[in-house]
Amino acid sequence: MTDYGIKISIAGQDVKTATDEQMVLTSKFPFLKAYAQGSVTLTITGTGIFSTTVTHNFGYYPVFVHYAVVDPASPSERWFGRFGATGVGGSIGIDSNTTTSTLTIAWEDTSVAPGAFETYPYPVYLYYYLFYDKLA
Amino acid sequence: MADYGLKISQDGYDVKTASDTELVFSSKFGTYASMTIAVSGTANKGSVSGEQIEFSINHSLGYTPFILIYYRTSVNQNNWQWFPLGLESLLGHADSPDPIFLNIYDDHFTLNFWAFAGNSVIIKYYLFNVSV
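So the sequences go chain by chain: A and B. Start counting the first sequence at 0; every next residue gets the next number (numbering that gives the first Met the number 0). Start counting the second sequence at 0; every next residue gets the next number (numbering that gives the first Met the number 0).
Next up, chain B with everything else stripped away, as it sits in the complex:
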C-alpha cells in the first residue's frame, strides 16, 4: 500500500498499528472493502391460478452483482425469509410459495417461486458493488 489512503480501526485498537482484521475500513482493501449497496428495492407479485411466480428486475450496473434477497409470502406475513432458504418449509408453512431459482445477469435478475393459487410474494433485494 502506498503511504496515503484512509484507515479506521475498531474501538480499542490504535489505527497506526492495527492489523487488517482490526480495521473497520481501509482503502488498502480495494473496491471489495466496502460491499456497498448499489441498488435495492422491493417488488410484489401474485399467482392467480397456481403457477410459477417470476420476478424480473432490471438494473443498469453492467456487471453481475453479488445479491441478497429476502421474501415474505401471503401465507405468513409475519416472517421474512432469506432466499433461497425455505424450500423445505421446515418452519411450518408447507403451503407457502417455494423459492426455486435465481439467475443474475449484468442488466437484470430473475427469481422464481412455485406458488399455489392466490399466493403472493413480496421480495426485498440488495445488489452490491461486487461482481460474482
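One chain only, chain A, in its complex shape:
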C-alpha cells in the first residue's frame, strides 16, 4: 500500500499499528459501490418460467445481487439468490444474469400438482441491487 489513504481502527486498537483485520475502514481495500436498488414483482399464474428484466444501460457488466420474497409462503423471509421448495412434487428455481444493458431474473414453478406450492396466482417480490463495480 502506498503511504496515503484513510484508515480507521476498531476501538482499542492504535490505527498506526493495527492489522487489516482490526480496521473498521481502510482505503487499501475497495468497497462494492451500490448504484441502485429496486424491486420488481413477478405474478406466477401457473407452472412454467416467468421472467422480468430491469434495464440499467451501464454499457458494461455490473455486479448485482437479489433477494426473493414469496407471498404468502414466506413474506417475512428474504431469500438471498436461490429459492428452493421441495415436497410439492416439483421444484422452484431462480436464475439470473446481466448483460451490458439489462438484468434478467427468472422464476420457475414446476409443481407437478399445479398450485401445490402456492395457489395461483401468487406474487414473487424480487429486490435487486446493482453496483457500479464491473464484472467485465
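Mixed in with the good hints, there may be bad ones.
[Said to hold, decoys possible] Below 27 Å or equal to it, Euclidean Cα-Cα: the simulated BS3-like pairs (lysine-lysine) are:
(1) A:Lys133 - B:Lys44
(2) B:Lys15 - A:Lys32
(3) B:Lys44 - A:Lys6
(4) A:Lys27 - B:Lys6
(5) A:Lys15 - B:Lys6
(6) A:Lys15 - B:Lys27
(7) B:Lys27 - A:Lys27
(8) A:Lys32 - B:Lys6
(9) A:Lys6 - B:Lys27
(10) B:Lys6 - A:Lys6
[Claimed, not checked] Distance ranges between label pairs, derived from CB positions:
(11) B:Asn57 - A:Phe49: 37 to 45 Å
(12) A:Thr54 - B:Gly40: 25 to 33 Å
(13) B:Gly40 - A:Thr101: 23 to 31 Å
(14) A:Ala35 - B:Glu21: 15 to 23 Å
(15) B:Ser55 - A:Asp13: 19 to 27 Å
(16) A:Ala112 - B:Val23: 46 to 54 Å
(17) A:Ala112 - B:Gln9: 45 to 53 Å
(18) B:Met34 - A:Val14: 15 to 23 Å
Calculated from the structure, these hints are not laboratory results. The beta-carbon is built from N, C-alpha and C at its ideal position, and this holds for glycine as well.
Model the placement of chain B on the given structure of chain A, informed by the hints.
For chain B alone, kept in the frame of chain A given last:
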C-alpha cells in the same frame, strides 16, 4: 460508542442527529461496517472431454470469507450469472455448464461446474473482509 470516530450521513440527514440507518458509514458498526473487498480476481477453465470443471483459488486471508462469485460460459458469452444460480438454466441455455457447489476455506476456495465437452467458464470472485 465512545465520543470519537467517524460518521457520514446520507444526503439530506444531519450527521449529528441521524439514526444508524440514515448513515452511509459509522465507525460504531465495527469491522462489519465496511464489507470491503479483500481479494478479487478472475479465473478461466475449460473442459476438453465433458467433465467437472473445478476451480481452486488460493487466498491468504486466514479466515473463511464471505464471497460473491459470478461466471460466464462459452455457451453464452453475453451474460454473466451469479453463482450458484443457473442450475435450472431457466434463461434458455440448457447446454451451458451448471454450477454445482462451492466450498470456502480459510486459505482457498473450490468451485465446481458440470460441463459438456468443449465448454469453458470464466469466473469473477470477490472475497470480503467478513468471515462466514
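We went through each hint and held it up to the structure:
no. : hint                           : in the structure
1   : A:Lys133 - B:Lys44             : holds, 20 Å
2   : B:Lys15 - A:Lys32              : holds, 24 Å
3   : B:Lys44 - A:Lys6               : violated, 37 Å
4   : A:Lys27 - B:Lys6               : holds, 19 Å
5   : A:Lys15 - B:Lys6               : holds, 20 Å
6   : A:Lys15 - B:Lys27              : holds, 19 Å
7   : B:Lys27 - A:Lys27              : holds, 20 Å
8   : A:Lys32 - B:Lys6               : holds, 18 Å
9   : A:Lys6 - B:Lys27               : holds, 14 Å
10  : B:Lys6 - A:Lys6                : holds, 14 Å
11  : B:Asn57 - A:Phe49: 37 to 45 Å  : holds, 40 Å
12  : A:Thr54 - B:Gly40: 25 to 33 Å  : holds, 29 Å
13  : B:Gly40 - A:Thr101: 23 to 31 Å : holds, 26 Å
14  : A:Ala35 - B:Glu21: 15 to 23 Å  : holds, 19 Å
15  : B:Ser55 - A:Asp13: 19 to 27 Å  : violated, 37 Å
16  : A:Ala112 - B:Val23: 46 to 54 Å : holds, 48 Å
17  : A:Ala112 - B:Gln9: 45 to 53 Å  : holds, 48 Å
18  : B:Met34 - A:Val14: 15 to 23 Å  : holds, 19 Å
Comparing the model with each numbered hint stated earlier shows that hints 3, 15 do not hold.
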